[in-house]
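Make the full structure from the sequences, and use the hints.
Number of protein chains: 2
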Amino acid sequence: MNADEIMIASAITLWKSTVSRADKIFAELSESDGSQRVAPGRNRIVYLLGHLTAVHDAMIPLLRLGDRIHPELDDVFVKNPDRAAADLPTFGDLRNLWENVNGHLLVLLQQGLSAAWWAERHASASEEEFLINPTRNRLSILLSRTNHLSYHLGQIVLAPRASGGS
Amino acid sequence: MNADEIMIASAITLWKSTVSRADKIFAELSESDGSQRVAPGRNRIVYLLGHLTAVHDAMIPLLRLGDRIHPELDDVFVKNPDRAAADLPTFGDLRNLWENVNGHLLVLLQQGLSAAWWAERHASASEEEFLINPTRNRLSILLSRTNHLSYHLGQIVLAPRASGGS
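Residue numbers (this note's numbering), protein chains in the order written: chain E, 1 to 166; chain B, 1001 to 1166.
Any given hint could turn out to be false.
Not everything, but these chain B residues come out facing chain E in the computed CB check (under 7 Å) [claimed, not checked]:
1) M1001
2) A1003
3) I1006
4) A1119
5) T1135
Hint data in this document are derived by calculation from the structure and do not stem from the laboratory. Yeah, the Cβ is synthetic: ideal placement off N, Cα and C, and Gly gets one too.
In structure tokens:
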């Protein structure tokens, strides 16, 4: 591998290991654990799972790799904050969507894309914005979404377990 | 900029913006806020500040960029977990060390290092380990430490403020 390929592999490897870490954390939580808040008055784990799934799904068009699988998640999980009253999918159903989205995305990410491809602008930067700031590229999306996942994982591990479990 | 330079700039930009975000969060906390735990029974913010400072300081030799500035931090903040009894530096003193370490590190990171340099092995991988797994390189250290910071920032923002402040 040349330096380009090694750098790209490093970014994808960290993405994969962070998603795997999340998978393990989510797998150990019951439906009632999912209803726990990460701190008093803050997001429920089930909300964060939906939020992360929506944000990862949105990476597909942002990387200009095609259409989203679950655009319907944005209304509840991106455009609106967590509200106890909101009628959310179950934790189990969201976990299926989570795996589905990440599985699909990983196939797209691992198709041997070149450094030139990764260094191109992402879909939410215009040609003009990208000329001024070339860090508004596809690799930056991958790196920032890996960080976004880490940020929320740090929170999820702090949530108390539901008493009694399910 | 060519694709290499754009990818490296993307990684450094995310590092800088994550450290800036941390700076802002820490700047808004009083000495007594620093003594708050991120969740019941979990780390105090002052401990996490020391931990992050030690981990960033350790990046200098890990990237093979020279010697650490504050190796003395490891004993309390890396080798040992947070203990209420431990005699920690003040939050204010640690914030000075934090700024010092990050400032020094940023100068080193921004000296125009090449893709070939970033793709070389980091100091805790042997030549043999690196041949088997080329993602054990310097760029991976920068990416994973950015994620590590995001992970703990997600936690720090959940800590309750100290009643009364200071």
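Let me know if the C-beta of B:A1119 comes in closer than 7 Å to any C-beta of chain E, holds or violated.
holds (4 Å)
Would the hint on B:T1135 stand, with a C-beta cut-off of 7 Å toward chain E?
With a minimum Cβ separation of about 5 Å from chain E (threshold 7 Å), the hint on B:T1135 holds.
Holds or violated: the hint that B:M1001 contacts chain E, with Cβ atoms closer than 7 Å.
Given a least distance of 6 Å, the restraint on B:M1001 holds.
Is the interface hint satisfied for B:A1003? The criterion is a beta-carbon contact with chain E at less than 7 Å.
At 4 Å from the nearest chain E Cβ, B:A1003 passes the 7 Å test, so the hint holds.
Supplied contact hint for B:I1006, tested at 7 Å Cβ to chain E
holds (4 Å)
The structure is consistent with each of the numbered hints, conforming to all of them.
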